[in-house]
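Q: Residue strings, one per chain:
2 protein chains.
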Amino acid sequence: MAQGRDTSRDGFGNKLQTLFLTNFKGVWDFIQSNKTLKRKVNKFLINNAIYKAPTRPYPFSLMTLDPYIPGTADDRFQAVEGYVPGKGLPKKTDTYTSWESLINRTYIGRHLPPDPEFNKPENLPALEELTVLFKKKESNGKPVTIYSEKSTLLFPYWVQWFTDGFLRKKDRVEWFKNTSNHHIDLCPVYGLTASKTAMLRAFKGGKLKSQILNGEEYPPFYYEDPEKGIVKPEFEGLYEPLSDERNLEPAKKAKLFAMGVERANVQIGYVMLNVLCLREHNRLCDLLAKNCPTWDDERLFQTARNILLVVIMKIILEEYINHITPYHFKFFVDPSSFTNERWYRTNWMTMEFSLVYRWHSALPSTLIYGGQEIPMQASLWNNQMLIDQGLGTLFEETSSQPAARIGLFNTADFLLPVELASIDLGRKSQMASYNDYREMCQYPRVTDFNQITSDPDAQRYLKDLYGNVDRVEFYVGLYAEDVRKNSALAPLIGRLVGIDAFSQALTNPLLAESIFNPETFSPVGWEVIHTTNTLSDLVNRNTPQNGKSYKVTFYRSR
Amino acid sequence: MAQGRDTSRDGFGNKLQTLFLTNFKGVWDFIQSNKTLKRKVNKFLINNAIYKAPTRPYPFSLMTLDPYIPGTADDRFQAVEGYVPGKGLPKKTDTYTSWESLINRTYIGRHLPPDPEFNKPENLPALEELTVLFKKKESNGKPVTIYSEKSTLLFPYWVQWFTDGFLRKKDRVEWFKNTSNHHIDLCPVYGLTASKTAMLRAFKGGKLKSQILNGEEYPPFYYEDPEKGIVKPEFEGLYEPLSDERNLEPAKKAKLFAMGVERANVQIGYVMLNVLCLREHNRLCDLLAKNCPTWDDERLFQTARNILLVVIMKIILEEYINHITPYHFKFFVDPSSFTNERWYRTNWMTMEFSLVYRWHSALPSTLIYGGQEIPMQASLWNNQMLIDQGLGTLFEETSSQPAARIGLFNTADFLLPVELASIDLGRKSQMASYNDYREMCQYPRVTDFNQITSDPDAQRYLKDLYGNVDRVEFYVGLYAEDVRKNSALAPLIGRLVGIDAFSQALTNPLLAESIFNPETFSPVGWEVIHTTNTLSDLVNRNTPQNGKSYKVTFYRSR
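These protein sequences, in sequence, are chains Y and V. Counting in the working numbering, the first sequence runs from 5 upward without gaps. Counting in the working numbering, the second sequence runs from 5 upward without gaps.
A couple of the hints might just be wrong.
Unchecked claim - Below, simulated DSBU-like cross-link-like pairs (lysine-lysine); rule was C-alpha separation at most 35 Å, straight line:
id	chain 1	residue 1	chain 2	residue 2
1	V	Lys173	V	Lys489
2	Y	Lys208	V	Lys173
3	Y	Lys181	V	Lys318
4	Y	Lys181	V	Lys141
Since the hints were made in silico from the structure, they are not lab data. Since the model is a prediction, treat every value here as computed from it, not as a measurement.
Work out the full structure, taking the sequences as your base and the hints as a guide.
A: So this is what it looks like as structure tokens:
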């Protein structure tokens, strides 16, 4: 069994690129000191990241895996052979391109075609056997968490929150569908459709409905009668509650906030970011009203939303992306650089992107709250924790403790079933192999397990489970790779994040040529966009300051 | 009053371009004899056509004209000031960009922002006064039809049919919405949604339901009981019948075909083209089944549809487009040339495109049918005409008589109310002025009526009605312009058609890099695509030949 990792299959070009991007700080400083050069390099590196894989539109979506022909769930088809009442006409899950699959974006997209042969049960280990890859190792009978060297707990909180806006599996039955519009549109804050947005609006001064608790602004509570599980009439139909919410004790139900999506109350981190956006939205409304006194509620609302959307995209594309890369060069938002790129196509979130963004292992088993160590599970569906501490204090405490490292042997016990469910989702989606995805992303195929990971245990388990590297599943391979030095992510995850994140964020219509201008956002909104650079800016202007500034950062070392 | 037309405001660049494109046949022949050169020039000229105006996405859609806030038609909002039961919360129709308007493609798009000032009733002539511009002039007490020098009657038939697939105003109440997916998808043949498509399918061999009449294939009849107006249960909900259809005499109702959209039976030309597509679809199914014996019904259906869609797009982009231009160079479909263009953006049909394509004047007051002159109105909702003659004969007779010229003083009486309704739609949509659209399309603004048209009557009427050229409405200006020599269209219409047609047809997902290949269409389908060049090819392989070939052409002179 090899110790360390055999890097012979990393690819010469890839190695050279990493070498160049992670060294020669002086060169990068020079590049970034020159505005023209900096723009050119920014464009080159972003294109370089995206063009690592073929561009949209893709020939297939997960529609091929819908067992029924869309539009046939109707008794008028009962005379047709094979009709299943309430379901429709069954179809072979064969792989071919249909007009409906090219146009119907309620289905999840996919980069590579389905590979039914690879996913035959007899070719893969039993699902439960894979638990061993994700379960924390033990030391003295206690599970050991491997902490990230780079990221604070704010990092996984942020990621779960913003990706939940567009990676939105419909439900267990129609798992092949996405309920979002495939854009970063802050649906966790504003709701999934216009009618849901309307439920959340105050229709006064452009603002979202809110309440004041302990002197700070929060969304209104969601339940009218938490004991009976009855929602306030104004929020009826806002979303379909998850079973976790339905089974919640009344005391916790009583504190759930009325927010955009069914998952918005799930964990304290998600709630913190949603509350932050609500405060910023309402703050922007006041600012706009002051500067544009003739505007009515509707215009104030729409413009505040547009400004906030762009501010969040800027934090994603600058603060967040620059945190995950180990590069000296810092990417920045420069939408007009990309108008002529062939990747600039209608957004369509893929199953690969969804699997790449399941960073369950980044959440430690415990967190520090109010100076005490408590189980992570205590932070689920528990808004009282936020109300008690206040937003600023909680952001600071979150930024003062580490995230766990993304990878194998590091998932909290309560999330192990979620890891297995994700692998199962990959199988149902008939994902191609880990090696196929390496190839798609211009990495050489690996020929030995010691080329994936330097961890001898991981190497051994993978070999025992899969026998042959070509049989390693996409999801498992992603998380088995070693995290790169100074990076938050393993190489294939990083590459796939780059492809989909850049090519689907920079295509946001608010960043388009004829829209990204002061006319759309108002001059004062345009200024807000250009002077807001970090999550810290947002938090510190939306919390009672009491003369102090809260530390808000993804970086452990800062 | 000037005689002739003052061309001083045509623009030097525009004149030069036309001069070059319509002369020097030898040079154009040379260019088209060299494959590489031909591709480059094709790319250059198509880009040149599209880049005459700013590209998508546009900052505004007709959502700004929806008097209510989307999603608020719900009694839960009754406590909010201004709520209108069943309608929702009213909003000012002020012009600003909202997230909903950028993302909600059920609204019609627009190139230029709304211009409420221009459209104030006091700034425009009364609607009825404009009839004089469109009504045919009389000679000896009889209306005179000006015939096209270039086009046969097949031309307006074709245009009405294919544009009705994507220029689809929802209804009178929600006139600002479009019920299509903004693509050329043959919804007139296949229905607007998956469930409607399913109603039209036989679920056998991939085919569409059909019947044989006089030895030729047609769609099934739509009504179960024409007397009572009861539709066959299998087609219930296929579409909402227009009032013209509801008021139809039972004998005509009995012959209506079950087809994709509410307008499909409206006129004999529309029906001819729909029937042709049905036959070609079912023919392709037989061809595919022979070549791919393992395919099931679903795959045969989807692939036949994909092939037919591309064949129709090819006829649009080659036969049709080359007919309307007066150029020596013949455009051809070369999708891979355009992957890096900034116009390659998500489709969104505009109100301008809809107004540009209202060629009511191209339909003469009478047509020749079975050698007899009959009123055009007799060809409405009258499928018996087609069943009696057969498809080939009717195509040939249609190709043997002229269309009327598109322009003023040439609309059949029964279509005059439709012209006024179109102008009214432009006003409700707050279209900018004719001169503003000239400017948008890189034509100099006109300064005198004699720069629009050489017709002294038109000049005089326009002056009487509008007083100042800057007050001329978009719709009126479009049709008042002189048709260019050897062209089927006036200059501004031609330019706007080029912009939207090229930039929204070449973006069809079936023409995209990773999809436009033999894998998608099957090798035999790929061959069909590459060997079908004209509508004549389609007609002649889908009609009983009896040893003869039918003449099918847009050109009068051929």
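Q: Determine for every hint whether it applies to the structure shown.
A: Results for each hint:
1. V:Lys173 to V:Lys489: 33 Å, holds
2. Y:Lys208 to V:Lys173: Holds: lysine 208 of chain Y and lysine 173 of chain V sit about 33 Å apart, inside 35 Å.
3. Y:Lys181 to V:Lys318: 33 Å, holds
4. Y:Lys181 to V:Lys141: Between lysine 181 of chain Y and lysine 141 of chain V the Cα gap is close to 59 Å, so the pair fails against 35 Å, i.e. violated.
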